[in-house]
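Novice: Letter by letter, the chains look like this.
Number of protein chains: 2
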Amino acid sequence: MSFELRTVSGGVTAAKGFLACGMPCGIKRTGRPDLALIWAERPARAAAVFTRNRFRAHPVRLDMARLRQGVAQAVLINSGNANCLTGRRGYRRTLLLSKRAAKILKVPEYRLFLFSTGVIGIPLPADKIEMALPELVEGLSREGAGPAAQAILTTDRVRKEIAVRFKAGGRTVTLGGMAKGSGMIQPNMATMLAFLTTDAVIGLSALRKALAESCRRSFNHISVDGQMSTNDSVLLLANGLALNRAVRPAGRDFEVFQRALDFVTARLAEMIVSDGEGVTRLMKVCVRRAASPDEAERVALSVVNSPLVKTMLSGGDPNWGRVLQAVGATRVPFAPDKVKVSFDSHPVFAKGERTRYSRSKLKGVFKRRIVPILIELGRGKYSCEKLGADLSPLYVRVNARYGT
Amino acid sequence: MSFELRTVSGGVTAAKGFLACGMPCGIKRTGRPDLALIWAERPARAAAVFTRNRFRAHPVRLDMARLRQGVAQAVLINSGNANCLTGRRGYRRTLLLSKRAAKILKVPEYRLFLFSTGVIGIPLPADKIEMALPELVEGLSREGAGPAAQAILTTDRVRKEIAVRFKAGGRTVTLGGMAKGSGMIQPNMATMLAFLTTDAVIGLSALRKALAESCRRSFNHISVDGQMSTNDSVLLLANGLALNRAVRPAGRDFEVFQRALDFVTARLAEMIVSDGEGVTRLMKVCVRRAASPDEAERVALSVVNSPLVKTMLSGGDPNWGRVLQAVGATRVPFAPDKVKVSFDSHPVFAKGERTRYSRSKLKGVFKRRIVPILIELGRGKYSCEKLGADLSPLYVRVNARYGT
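Chains as they are written, first to last, in the working numbering: chain A, 1483 to 1886; chain B, 1483 to 1886.
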């Protein structure tokens, strides 16, 4: 399938009919921006993927319920406070904030979605958000995408935005997004949030299917420290203003949309992994020839989260024994003689022993920003890829110092 | 049950009828001791527990087969080389070493057990071991326990030995042991080995049952970096020279023996965790009121291996949100409002929110060598305890620097 994709500027307001704004409202003591609003001029279909952590932040609980309706018009995000684990009072306060915000924004409450990221366990200063809302609404514009992308950051060093334009269903369609999450150094649980907007005409089931699949390939495919936040969320809005032939849950139009979405989510996921302070090197772990998708994933996760593999990566040393230890620890019943491990295109272990590899070439591979680690299990036809980060002394220092 | 236990010196030769020796044979380039022999003057019953890593070192494969006979007389251990992942040639060479060593030691081959620890993937210099064997046999003595305990170390900083004496079946019984393993800094897979000897009269099934249970409570209850080595082994020999009434797999004698064994393995396990370079603080994670033993263990492991909890411990900061995140990530279907978390005797989280804890008291708890973290799930009656270590910048530095 030939398919053209053009990167454009504009982030979350690149698609027709979306406005945004970002500003400080006083949650962060530093006075940095901590409140963002995305506004759909025309109500949009909404799909989302949420954290699977059993402890969920208050806004996540609220959003999950609202998502059943599948319509969104306003997305209100604060940083600096996760609005999480603050008991029933905290939840009631969140419901009240939602009611008041919907009134100020003049939207039915079920079309308003709330998101939070930051420290947990501290009551959300909801009054600060309420007081800032009129000014936030006033400030909505197409130019607001950048400030909004800035306002959702916590320990991130850089803004994470992207947008693409492509042809689908006879029209030009735009899809954009923004994300936050800085992996390794994330002091309170490596929360990641992503907000995606498109003007495509697409049915709710197609939208949900495309997002679930895309998350699986992107955000669920990165692992920085194996932690799962209480607030992780990905939201996708589609307002239909591109007037394309409706994208259905299968067929060529769907494929095109899926590819565009995959491109956007993959780029945002990469930005998240790369932004971790203390990250000096990444690894792309590819498991091949597993007997099932689940088995492939278990092996990939074991390797990408192994502290011994992560420190090996940080030190730039091709210590393949550590990779094998992580593979073997999964207890997948492979035949040890049939397992093959390669760093990039250089096999280092096969037929139960080390190969005659060139140590200097391997040293070269370990100098790269992304080190490819290929593990072939010799059992079946299933694969899995994970993008991971190294473990550096800086990660430990930053996370040890961070105060509650 | 009242029960008296006296700690005595002598380690692996404290029990009657066991001799040992340790010496350098040239595997370690530093010239430090790297070869040890334990000798049972009278053939002993043998039980063992081995690594569950799918990749197993050559001697482990060999020992597992021999263990079916359940009799041991000689235990030959080398450090400096793991004798692992060196292919079929490596395995054949191990079989040859076993044959030659049995001849020199004058024991039927099935009564000889081999163990290795050190770097993996490098062929074992078996000739060095063979050449040193006559001198090693010559040196066997009751005073050899210390040198043997020294010779099995790799990156450990201290020798790990213990022995106890107690009454069982109408006689005085002695049980001793030695171990190696230094947790965090272990460059090649945190291998742990433990060798236990007793003069108790005890049947093979009772011996196996007691060891399995004891390992579950001690070595399987520590977690330093969540890694499982290719060489992990625990061996227990009983030669019957105490002439006590035979210990059967149940009853009071068994209980006494089990307690003594538990005491010895728990102490050795603690020594292993404490010896990790870079370890500044330990945590004892107790999960209570889980719906099943498996569930309790999953939660305990998730907390004890969480990098965010480990760095919190290293920084000495009571950041309870990180503990909850690790609990929630297991996806055990608990009711969030029923979960309670305490640091030592101070509850920090209950009924869905933080308690009114005293920050200064918590700071005090985090200054201790072992920080107790109690997690109550409010689901059932099952418990699990794990002893873990913090994650310090030194761990990362040592493991990043270590060369293949």
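Bear in mind the hints are in silico, worked out from the structure with no lab data behind them. A virtual CB, placed ideally from N, CA and C, is assigned to each residue, including glycine. Be aware that one or more of the hints could be misleading.
Unchecked claim - Think about it this way: if two alpha-carbon atoms lie no more than 25 Å apart in a straight line, the pair counts; the simulated DMTMM-like pairs of lysine to aspartate or glutamate are:
#, chain 1, residue 1, chain 2, residue 2
1, B, Lys1581, A, Glu1835
2, A, Lys1833, A, Glu1858
3, B, Lys1510, A, Asp1799
4, A, Lys1610, B, Glu1695
5, A, Lys1581, B, Glu1625
6, B, Lys1588, B, Glu1523
7, A, Lys1691, A, Asp1819
8, A, Lys1510, B, Glu1835
9, A, Lys1833, A, Asp1819
10, B, Lys1649, B, Glu1617
11, B, Lys1510, A, Glu1858
12, B, Lys1649, B, Glu1620
13, A, Lys1581, A, Glu1612
14, B, Lys1691, B, Glu1620
15, B, Lys1610, A, Glu1835
16, A, Lys1510, B, Asp1799
17, B, Lys1849, B, Asp1776
18, B, Lys1498, B, Asp1609
19, B, Lys1581, B, Glu1617
20, A, Lys1766, A, Glu1858
21, B, Lys1849, B, Glu1695
22, B, Lys1498, B, Glu1617
23, B, Lys1510, B, Glu1486
24, A, Lys1843, A, Asp1799
Stated by the list, open to error - Short, incomplete list of chain B residues facing chain A, as computed with Cβ under 8 Å:
#, residue
25, Arg1534
26, Thr1568
27, Ser1796
28, Gln1807
29, Val1878
Stated by the list, open to error - Here's a subset of chain B near chain A, in silico, CB distances under 7 Å, partners left out:
#, residue
30, Arg1536
31, Gly1569
32, Ile1602
33, Gly1603
34, Gly1803
35, Gly1810
36, Arg1813
37, Pro1818
38, Lys1822
39, Gly1834
40, Leu1873
Novice: Now tell me, hint by hint, if it's right for this structure.
Specialist: Here is what the structure says about each hint:
1. B/Lys1581 with A/Glu1835: Cα-Cα ~23 Å, so holds.
2. A/Lys1833 with A/Glu1858: 12 Å, holds
3. B/Lys1510 with A/Asp1799: Cα-Cα ~21 Å, so holds.
4. A/Lys1610 with B/Glu1695: 57 Å, violated
5. A/Lys1581 with B/Glu1625: 79 Å, violated
6. B/Lys1588 with B/Glu1523: 12 Å, holds
7. A/Lys1691 with A/Asp1819: 40 Å, violated
8. A/Lys1510 with B/Glu1835: 21 Å, holds
9. A/Lys1833 with A/Asp1819: 4 Å, holds
10. B/Lys1649 with B/Glu1617: Not satisfied, since the Cα-Cα distance of roughly 37 Å exceeds 25 Å.
11. B/Lys1510 with A/Glu1858: 33 Å, violated
12. B/Lys1649 with B/Glu1620: Violated, at about 33 Å.
13. A/Lys1581 with A/Glu1612: 10 Å, holds
14. B/Lys1691 with B/Glu1620: The given pair, whose Cα atoms are some 35 Å apart, is violated under the 25 Å limit.
15. B/Lys1610 with A/Glu1835: With a Cα-Cα distance of about 22 Å, the restraint between B/Lys1610 and A/Glu1835 holds, given a limit of 25 Å.
16. A/Lys1510 with B/Asp1799: At roughly 21 Å apart (the allowed maximum being 25 Å), B/Asp1799 and A/Lys1510 satisfy the hint.
17. B/Lys1849 with B/Asp1776: 31 Å, violated
18. B/Lys1498 with B/Asp1609: Cα-Cα ~32 Å, so violated.
19. B/Lys1581 with B/Glu1617: Holds, at about 18 Å.
20. A/Lys1766 with A/Glu1858: 14 Å, holds
21. B/Lys1849 with B/Glu1695: 33 Å, violated
22. B/Lys1498 with B/Glu1617: Holds. B/Lys1498 to B/Glu1617 sits at ~23 Å (cutoff 25 Å).
23. B/Lys1510 with B/Glu1486: 42 Å, violated
24. A/Lys1843 with A/Asp1799: Distance of about 12 Å is within 25 Å: holds.
25. Arg1534: 6 Å, holds
26. Thr1568: 5 Å, holds
27. Ser1796: 5 Å, holds
28. Gln1807: For B/Gln1807, the interface hint holds, since the closest Cβ of chain A sits about 5 Å away, which is under 8 Å.
29. Val1878: Nearest chain A Cβ about 5 Å off; hint holds.
30. Arg1536: 4 Å, holds
31. Gly1569: Constraint on B/Gly1569 satisfied, holds at 3 Å.
32. Ile1602: Because about 4 Å separates B/Ile1602 from the closest Cβ in chain A, which is inside the 7 Å limit, the hint holds.
33. Gly1603: Since the shortest Cβ distance to chain A is 5 Å, the answer is holds.
34. Gly1803: Constraint on B/Gly1803 satisfied, holds at 4 Å.
35. Gly1810: With a minimum Cβ separation of about 4 Å from chain A (threshold 7 Å), the hint on B/Gly1810 holds.
36. Arg1813: 6 Å, holds
37. Pro1818: Check passed: Cβ of B/Pro1818 comes within 5 Å of chain A, closer than 7 Å.
38. Lys1822: 13 Å, violated
39. Gly1834: 4 Å, holds
40. Leu1873: 6 Å, holds
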